[in-house]
Every structure is written in C-alpha cells, then in structure tokens.
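A.B. asks: Please model the complete structure; the sequences and the hints are all you need to start from.
Quick note, the sequences are listed as chains Y and G, same order. To convert a position in the first sequence, counted from 1, into the working numbering, add 5. To convert a position in the second sequence, counted from 1, into the working numbering, add 239.
The hints are simulated quantities; they were obtained by calculation from the structure and are not laboratory data. Careful: at least some of the hints might be erroneous.
Stated by the list, open to error - A partial selection of chain G residues facing chain Y, derived with a Cβ cut-off under 10 Å: (1) T261; (2) D276; (3) S294; (4) A295; (5) V302; (6) A304; (7) H322; (8) F332.
Virtual Cβ for every residue (Gly too), placed ideally from N, Cα, C.
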Amino acid sequence: MFTEPKQDRRHVERRNRDKQLLRCERELEAATRITSALFENLALDELVVKALEIAIEVVNAECGSILLADSPSKQLIFQYSIGTSPIPSGTAIPWDQGLAGTVFQSAKPIIISDAQKDPRHLESTEKLTGYRTRDLVTVPLKRWEGDPIGVLQVMNKREGLLTEEDLAILTIVSAITASSIELHRTMAEKERIGSELRIASEIQKSILPRTFPPFPDRADFDIFATTIPALEMGGDFYDFFLIDDKRLGVVIADVSGKGVPAAIFMAVSRSLLKATALTCVSPSECLEHVNQLLCQDNESAMFVTVFYGILHSDTGELEFSNGGHNVPYLICGNRVSPVGRPENMALGFLNEANYRTSRTSLKGGETLVLYTDGVTEAMDAQGQLFSEQRLEHTLQRLAHQRPVDLLTTLVEDVQAFSRGTVQTDDITLLALQYRPAVVQELTLANRPSEVDRLVSAVARFAHDHRIAEPDLRVVALALDEVLTNTISYGYDDQVPHEIRVRLTLANSRLSAEVEDDAKPFNPLTVPSPDLTSPIEARSVGGLGVHLVRSLMDQVDYRRESGKNHLIMSKRLSGVAQPDTKAERHGDH
Amino acid sequence: MEITERKVGDVSILGIIGRLDTGTAEAFAQRLHQLIDGGERRLVIDGEKLEYINSAGLVVLMVAAKRLKVLDGRIVLSSLKPHIVEIFEIAGFKSIFPIYVNAEQATQQSSG
Chain Y
6 MFTEPKQDRR HVERRNRDKQ LLRCERELEA ATRITSALFE NLALDELVVK ALEIAIEVVN
66 AECGSILLAD SPSKQLIFQY SIGTSPIPSG TAIPWDQGLA GTVFQSAKPI IISDAQKDPR
126 HLESTEKLTG YRTRDLVTVP LKRWEGDPIG VLQVMNKREG LLTEEDLAIL TIVSAITASS
186 IELHRTMAEK ERIGSELRIA SEIQKSILPR TFPPFPDRAD FDIFATTIPA LEMGGDFYDF
246 FLIDDKRLGV VIADVSGKGV PAAIFMAVSR SLLKATALTC VSPSECLEHV NQLLCQDNES
306 AMFVTVFYGI LHSDTGELEF SNGGHNVPYL ICGNRVSPVG RPENMALGFL NEANYRTSRT
366 SLKGGETLVL YTDGVTEAMD AQGQLFSEQR LEHTLQRLAH QRPVDLLTTL VEDVQAFSRG
426 TVQTDDITLL ALQYRPAVVQ ELTLANRPSE VDRLVSAVAR FAHDHRIAEP DLRVVALALD
486 EVLTNTISYG YDDQVPHEIR VRLTLANSRL SAEVEDDAKP FNPLTVPSPD LTSPIEARSV
546 GGLGVHLVRS LMDQVDYRRE SGKNHLIMSK RLSGVAQPDT KAERHGDH
Chain G
240 MEITERKVGD VSILGIIGRL DTGTAEAFAQ RLHQLIDGGE RRLVIDGEKL EYINSAGLVV
300 LMVAAKRLKV LDGRIVLSSL KPHIVEIFEI AGFKSIFPIY VNAEQATQQS SG
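C.D. replies: See the structure below:
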C-alpha cells in the first residue's frame, strides 16, 4: 500500500487550508459588495442587477440570469439577464422543466460541466439567443429558510469550469438577493394595504354628514358634530336627519372593536338606523327593528351601542331610546343634567331585546350633548381618565356657547388632557341646541306714555332671551323713534287707536313689526337729512327716520288693509353674558 | 332726567342724568333757552351720566346750537358714553358739536 510521505500530506493540508481561506475571502467579498449595495438605497431592479453583476464577476463567468417564479402561470420568468447574449427579460419557461425547473422544484443547486450532455437542458432558450452553454451553476433563489422564489443561473466560466467554490459564493448571493426581493414585496404590499386603509377611512368619514350648518334654512335648532378616530378607521359614528318638517333625528353610536371590521359594522348599522328612522317609527321601534336586522347573520358577534333621539322642533319635545350607550347631557342654563339613565341592551346582542322610548323636553337655548366613551375614557399621562365628572364641569363652563364652539373647545380640552399619550378610542360628539323662534306681542295705545312701556317691555324681552346690551339699545331706540313718530304725527282724530308691536327672535336676528292704523306713512321715502353742512344750514327734520334706517340692518314697509306695517330687523352681535345673580335667583 | 348745573368762569356746565328722550327733551330745551335768554353764551353739556338720547334730544341740542351760533355763543359736549357718541356720529353731529373727553377740558376750550 502506498502511503503519502508526511511532507506531502502537510503540503496538501496547507494547500487545502489556503484554498479554503481563499474561498472564504471570495465569499466574504461577494457578500460585502452586495450588502453595501443594499445600503445604497437602490430600487429593487437596480439592486438585483447589481447582485447579479457581482456574482458573475466574482466567479468570472460570461453571463447569468435571475428567473422569478410566477405562481398563476406556473412559470419561471427571466427577469434579469446580463453578460454575453443576455436572454430577453420576460422570456418564460415552465417551472417544472429544464435545469432551472429542476432546481426550483427541488430547492437544491446543480453544478454541470457540460450542459449539452444533460438531458434536462432546454435548448429552446439557447435558440432564442444563439448562445451555447457549456458549464453552469443554477442555485435556488431563496433565503436560508423557506421556499425558492426563483433561480439564479451563471454560465460559462472564462477560465476552466465552474466549481463547488463558485457554487458556495453564488448560494450567498442568491440568499441576499432573495431576501431583498421578498422585503421589497412585503413593503409594497404593506404600502398597498396602507393606502387602501386610507381610502377606506376617507370613504367612512365621507358617509357621515360633515357640512355645517347642515340645514341652513332651519334657524330653530343649531347642530354640530365631530369624530376623531383613534385608528384610521373608527367604530364610532354620529348622524342627524330631518324625518319631516318638524322632526329631527339625532344618533350617536359606538361599535365594539376597532379597525376595518368595526368600520364595516359601523357602515351597516348607520345605514340601517337611518333607513329605519326615516320610516317615522318611534325611537324604541327603530332600535328594536335595527337590533333584529343586526342579530341576523351576525357571526362575528359584533355589537353597537346607540342613542337615538327625535327632537320635535315645534314643541321642543325630545323622544329618545338608549341602546346601552353613554347617557347624554342636557345643558339648561348653567345646569348640566343626564338625559335618561343607562338602560336597554346594545344592538346586535339579542334578537328578542326590548327597547323603551323615554321623553324629555328642551326649552329655547338648551343644548343636548351626545358623546362616546372615547371622551370620558381619554387618559392623561398618569393614567387618569377624563371622566364624566370632568365632562360635566367642562359643559358647565361652556354652557352658553353655541354647538360648534362648545364642541371645538371640549375636544381641545380632552386633547390637552391626554397630551403625551396615544389616543386609544374614537372621540365622537354631537351637540344640538334648540333655538325656537321667540315671539312676543304687545298692544299699545296711541299715547306718548306708551312708548316708555314698550321700551321697558323690550328690555325685559332682551334680558329673558340673552340679547346683548348694544343690540337692545339699537332696537329700543329704533322702536322709540317709530312709535314716537306715529303717536305724535299719525293721527288727526282724538279717538284712541291700537298699535301692535310684535318682537321675533329667530336665527340670531331680532325683528320688530309695527302695525298701526295711522295715516299712511312710509319712512323709506323720507329723504336723508343733511349730515355735513355747517350748523346754520342744517334742518332739524328727518333725524329719527335716519337713525332707524342706519341702526337696523333691514327696514321694510307696506300699507295693507288700511294699516301701516313696518318691519325692522337686526342681526344680533352676540349673546349676553349670563347674569349670575339672576340665575341663582332662578334656581331657588 | 335730571339736570345739574355749575358755573366755572363764564362757562355754564349742564350735567344730564338719565334719558334725554321725547318725554324729557322739552324740559331740557326750556332750561337751555332760559340760560341763553339770561345771557349765557358758553355752554358745556356734560354727558357723563347721559344714558340715552333719541332724535328729540338731538333736535333740542341742534336748535340751541343754531341759536347760540347767531349770538356768537358756543355749545360743546363732554364725557359722552361710546354708545351715545355712536348716535352723534350717525346723526352727523360730530362735525357741529365739539366733544371733549371731560368737562374740565370742555370748559377750558369754551372759556374766554
């Protein structure tokens, strides 16, 4: 038996060690170059081409390709091909044929010294380019784990044949390339889902009424609502709609859960509620009906808490039914009180659930505030809740504001409270202020002393309805001028006459209509007095009518059935500050 | 309405308290013309406590001013509340009645 001399064995070992070192070095070089390419922020295509270039260079081959699997067509598609006679991008082969198909299916690499002798070799692709493959390495394109997403092929080493060492290097290149492709694909998918979510969130928001004021010609109520979802899609919603001329429906609701499932359930609930409400049923009938519809086919066991109220705009009566929702508040003057009590069951739970209608009534200036638990359960940095108590105090402080200002300030307060924390629940609010037209009629005799009585009555009216002092002064002066004029100059006989004055407060506008049977007199035809001449040239006439026309926003006159009708109106500049003494007195 | 009166040098200062309206304008007019009849030519109307004025009150002031103009006299106002000034402005009275911030200034400007 021949034994190798010791010297030679050591020599071989050293040579092997050197070879191994060299191979490690080449592997490292390839990995380093591809990794640094990864950090160049290249687009996916550029990155893959770069990886392929590096692979070919390091193993000193003529050309190479990356084929990616296309599941629907069960094909491997030449995506990238570089070097001598590259194969056109898009060329496809069945994913279970040829050397590439074999590697892809088995997830095991192949190294071949003469492709032409291998029966698995497909000649069809070569015919495409006229290129003749000699030796080749095909490695599955895959991460260290998992299934291949394609294959990487390198052909025709420039000196000698492709070796196991080359295969090892190409395996590293393949793994890094596969990871990059998969990472890009995941990110693209995430981005797509993200943008679809954003679109869905927009759609969801757009199904809630968002134009304020929603009914510009309705001055007898003032409504505002807002919702701030915690995630892109929320489960809260509000709604309002005119059932008919005299009935306004208001809804607030909170769907269990968050995100897409809650949003879909929300959209369904909202549509069912509105559609049912518009059939003019009572609040409890509406909730009962919607509950039954939601209970059918509710496999996901979702539910929704709902408060549904109907305001009768002529009387101020509020009918409502509460399906497990937070009890709303009513702001009356400086007092904030709950509307009803927690009762009934959320919708979607129990097909047979019963709902009850309760009643209360709103007086002029009173405001109904609906909210979801995202308001009271907003948390500060110390983990304290905003709480119902804080909500009540805030409503008390904002008692005299109009719905839009009330809710804007309230939301700011809640957000300031929970600053520095992540909003975990939707915040949804709706405020409805009842502002019926207020009418007061007075009948005066045509005596000068009656003007004082009128002025006192107007002052009382202004106080009762929170008309600010400057607005009161203007209207009182205008009425003084008109009545003084009529009483002083309107009648030639000595008979008592009646003068009727009607004050109307509606839509932040105070109107006064004066009806008398005095001589026809249209103040709008009185010429404006001279306001600029020196004193000696001025006349003393026409000042009263001039004051009326200047101070009021609108003055109209008509003569009808033997009577003068003068209608004057003034848009109110603001709401009077509440007289705290009077409020306290009123409470006793 | 009440009227207070005081005299500083040759200037008569009339303070009006309350409302100068159709019911009170006549009394105010009477007092003004009595003073002018009695030879007063420099008048200051102190409006510090004037709460209300309507066209009847404005007319009284204008008639008195016209009369004094002929007699080489003068009538000025002082200490008017902003909402009264607004009425004066609308009525075009600011160009014919000097308005001073207080009675002292009005008196100084009127005397001599």
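A.B. asks: Each hint should be assessed against the structure and marked as holding or not.
C.D. replies: Okay, the hints, checked on the actual structure:
Here the hint on T261 (chain G) is kept, as its CB sits about 5 Å from the closest CB of chain Y, short of 10 Å. Hint status for D276 (chain G): violated, given a least beta-carbon distance of 20 Å to chain Y, over 10 Å. With 10 Å as the threshold, the beta carbon of S294 (chain G) comes within range of chain Y, its nearest partner Cβ sitting at about 4 Å, so the hint holds. About 7 Å separates the beta-carbon of A295 (chain G) from the nearest beta-carbon of chain Y, less than 10 Å, and the hint is met.
Restraint check, V302 (chain G) versus chain Y: the minimum CB separation of about 6 Å is within 10 Å; hint holds. A least Cβ separation of about 5 Å between A304 (chain G) and chain Y falls short of the 10 Å threshold, and the interface hint therefore holds. Here the hint on H322 (chain G) is kept, as its CB sits about 6 Å from the closest CB of chain Y, short of 10 Å. A cut of 10 Å between beta carbons decides the hint on F332 (chain G): the least distance to chain Y is about 9 Å, and the hint holds.
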